[in-house]
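If you read the sequences in order, they're chains A and B. Quick note on numbering: the working numbering labels position 72 of the first sequence as 72, and the sequence is numbered without any gaps. In the working numbering, each residue's number is its place in the second sequence (first place is 1) plus 349.
If you're looking for bench data, these hints aren't it; they were derived computationally from the structure. Careful, some of the hints might be misleading.
As the list claims (entries may be wrong) - Selected chain A positions facing chain B (Cβ under 8 Å, derived; list incomplete):
| hint | residue |
| --- | --- |
| 1 | Ala127 |
| 2 | Tyr147 |
| 3 | Val159 |
| 4 | Glu182 |
| 5 | Ser205 |
| 6 | Leu207 |
| 7 | Arg210 |
| 8 | Ser218 |
| 9 | Gly225 |
| 10 | Met231 |
| 11 | Ala235 |
| 12 | Gly236 |
| 13 | Phe237 |
Said to hold, decoys possible - Simulated crosslink set (EDC-like; lysine to aspartate or glutamate; CA at most 20 Å straight-line):
| hint | chain 1 | residue 1 | chain 2 | residue 2 |
| --- | --- | --- | --- | --- |
| 14 | B | Lys632 | A | Glu129 |
| 15 | B | Lys632 | B | Asp647 |
| 16 | A | Lys196 | B | Asp689 |
| 17 | A | Lys242 | B | Glu445 |
| 18 | A | Lys283 | B | Glu478 |
| 19 | B | Lys545 | A | Asp220 |
The beta-carbon is built from N, C-alpha and C at its ideal position, and this holds for glycine as well.
As a plain string of letters, each chain reads:
2 protein chains.
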Amino acid sequence: MSVFRSPSNPIIEPKDVRPSREDFKVIGVFNAGVTRLKDEVILLLRVAEKPISPDPKVVLAAIYDVSEGNIVLKEFSEDDPENDFSDPRLIIAHGETYLTSISHLKLARSRNGIDFEIEETPALAPANEYETFGIEDPRISLIEGTYYVNYVAVSPLGVTTRLASTEDFKSFQRHGVIFCPENKDVVLFPERVAGKYYAIHRPASPLFQRNEIWLAESPDLHCWGNHRYLMGLRAGFWDEMKIGASAVPFQIDRGWLEVYHGVDQENRYCLGAVLLDAHQPWKVIARSDRPIFEPQADYEREGFFGNVVFSCGLLFEDDKLKIYYGAADTSICYAELDLDDAIGSLNPP
Amino acid sequence: MSVFRSPSNPIIEPKDVRPSREDFKVIGVFNAGVTRLKDEVILLLRVAEKPISPDPKVVLAAIYDVSEGNIVLKEFSEDDPENDFSDPRLIIAHGETYLTSISHLKLARSRNGIDFEIEETPALAPANEYETFGIEDPRISLIEGTYYVNYVAVSPLGVTTRLASTEDFKSFQRHGVIFCPENKDVVLFPERVAGKYYAIHRPASPLFQRNEIWLAESPDLHCWGNHRYLMGLRAGFWDEMKIGASAVPFQIDRGWLEVYHGVDQENRYCLGAVLLDAHQPWKVIARSDRPIFEPQADYEREGFFGNVVFSCGLLFEDDKLKIYYGAADTSICYAELDLDDAIGSLNPP
């Protein structure tokens, strides 16, 4: 598999993003939604921030307070044996789960696709009871002339997927929760198939401990149903522990190509591809037996959460997959892959 | 709270239902959907069966095999230390979860609401990959002249809620999965509110360990969205551990009355009520601080899973709640409660 990584990688790093408050630091800018608007590449960045704690024995968590209308801080003592900080993403305090960082979405624009100008004001920030722990991992689908942004909203009520839309990336309209707890890694197809909208999603199945990929259909992008199981984990493969959709699917001759992520037993996040039937997207035609892209560069192997390449979007242009991806949950990088190489990775199930 | 229990309780018991195979025994008939069709009360019974094991050291599980088109048996040795039989409802074998029984739905008819004639042939039985571990807990909503039956479908793919419809309870049309994993305790409102269909549902939130009640809307009963958190667990109350919708909601002067179930720390399943706004059903007006109905009779306290009253439906007639309920996950019973008593239990949140 021949992958071209930009020599400018990482193209956006935490130091490039100004924190939203003086007492916060940006610990990650990653997992960006991607689209093209006229002659610009648009990234909707996930910016993860952490409150700076003046006391090294106290960990602070930032939480959006709906009644206050702003972010408040909560303190957790490292000396309290009932507080568990073993997962760098979580604080589990007396059985209650909090996040170590809070994310919002910021817009970045570029003409050459590598050098980005980042806007000061967040495009979307936590604003309601479903978003109190932050909003994450946006995907952008251009559907019938409107840009639809779906993103993960995290709060104690659960991990949901919400929808917003915009015509210009200046003002956004919020449309509510489209996938109820627990559901993430949602991508909307860019066009209707036989009159219906389709989405790939990843619901949680605690009783049977399976987090796998499903397909849903919709008459209006807001309400989703006829949920069908699409594909599962594969023991012994690169996608044996977890899977989820990554980029918005795009059409090629043979069907819909979806670049998805998988996690192996070593907790490595890689990308692979799955080809879905052009007219019956609930049918899997073929799937990558090996990853098409895996963490190898230093900036992919080391960071806040190492050994991760995770994409929320790509541009399919000039027969190339122009992949924007989060490296090690820390920075945004860019890589190119020939379509033929992606197709060459596919094996019938 | 003055509850009238039928002196004929339990009105339907496992011995009243013929097993679907000679090598199966019916271990429970409970959690029935309820409606009225002309001058008859219709119950759609959940019938739980278990394969009779010829070897006392071997537990058998019945699983619908999609490729075979029928039910196959799987053996689990009681001598295998990797098999866990501690929950009477589950077999956890080498980390994989199975059910100890498989359920299908059977129709029962009655003119007096107490003496039921049970049909021989199942109305709905497992028939596809989402139903391999059985179909459970139907609710019946009469909407615009059609009877809609939503039921829980269990398979290793997850616990989903599926929809079927019928005009006559003779033939049923299946409509697919309306709520993806993990979601159960779904009830459909019997009529539109301001042009939209509504459903109460109970998604699972493994990350934050909350299984609470949400509301969704739909343009067509098949696709559901704009999910809103409706109500949660209440520490120190009868509904502190688990909650879920039970009966189909019905209209009273002050709004929509929903009879729901709650579970306390002693694992007792009780029924209570919640009043939702007539025009904005995502607004909770009041809720029972104490149960309106709790397991007290012997047949409610002892059985396959004791200390359970669990309803999937009631008839609201003559200012009375005529409640059909599963007692101890074993049998079907009947009780009546005055509307005034149910309303008297309600306290503003």
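Legend entry - Hints not upheld, ascending by number: 1, 2, 10, 11, 12, 13, 15, 16
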